[in-house]
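Residues 1 to 94 in this note's numbering are what the sequence shown spells out, letter by letter.
Keep in mind that a hint or two might mislead.
[Claimed, not checked] Straight-line alpha carbon distances no greater than 20 Å define the calculated EDC-like cross-link-like pairs of lysine to aspartate or glutamate that follow: (1) 33 with 66; (2) 43 with 89; (3) 49 with 2; (4) 33 with 48; (5) 65 with 37.
[What the hints assert, rightly or not] DEER-style ranges, computed between Cβ atoms: (6) 1 with 34: 12 to 22 Å; (7) 2 with 37: 25 to 35 Å; (8) 64 with 16: 21 to 31 Å; (9) 15 with 43: 14 to 24 Å.
Calculated directly from the structure, the hints in this document are not laboratory data.
Built from N, CA and C at the ideal position, the CB exists for glycine as well.
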Amino acid sequence: MELDQIFLITNEFGQKNFNHKKPVQFIIIDNTKQIKELVQDIKDAIEDKICGTEVALNLISGTGKEHMAIIAAIIQSGLGFRLVVLTKDGVIEI
């Protein structure tokens with residue numbers, strides 16, 4: 001599976017410690033905020049950046065609060081999603 005864009009929603013720690021060969025656009029969130037604020041922050045960050053009607057979503061890392069905010073932001077933005085995971089053979093849909 002080839003991805004057109006990669007957005008990494010993380011905190012500052014994740015941004016400093018993430019290594020990847022492909023270009024990544026970071027969306028930095030403050031996970032001390034209330035969940036409704038996180039949802040809005042994510043929606044604002046992805047607005048006008050995603051082409052198409054769905055995204056590939058990997059929630060392998062992070063907290064339940066972050067995951068709920070990401071899913072809510074995607075749904076409220078009118079996007080669908082497919083769950084994906086990175087394996088030794090590349091990114092696959094699960």
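Verification of the hints:
no., hint, in the structure
1, 33 with 66, "holds (10 Å)"
2, 43 with 89, "violated (31 Å)"
3, 49 with 2, "holds (18 Å)"
4, 33 with 48, "violated (24 Å)"
5, 65 with 37, "holds (11 Å)"
6, 1 with 34: 12 to 22 Å, "violated (34 Å)"
7, 2 with 37: 25 to 35 Å, "holds (34 Å)"
8, 64 with 16: 21 to 31 Å, "holds (23 Å)"
9, 15 with 43: 14 to 24 Å, "holds (20 Å)"
In terms of the numbered hints stated before, the structure departs from hints 2, 4, 6, listed from lowest to highest.
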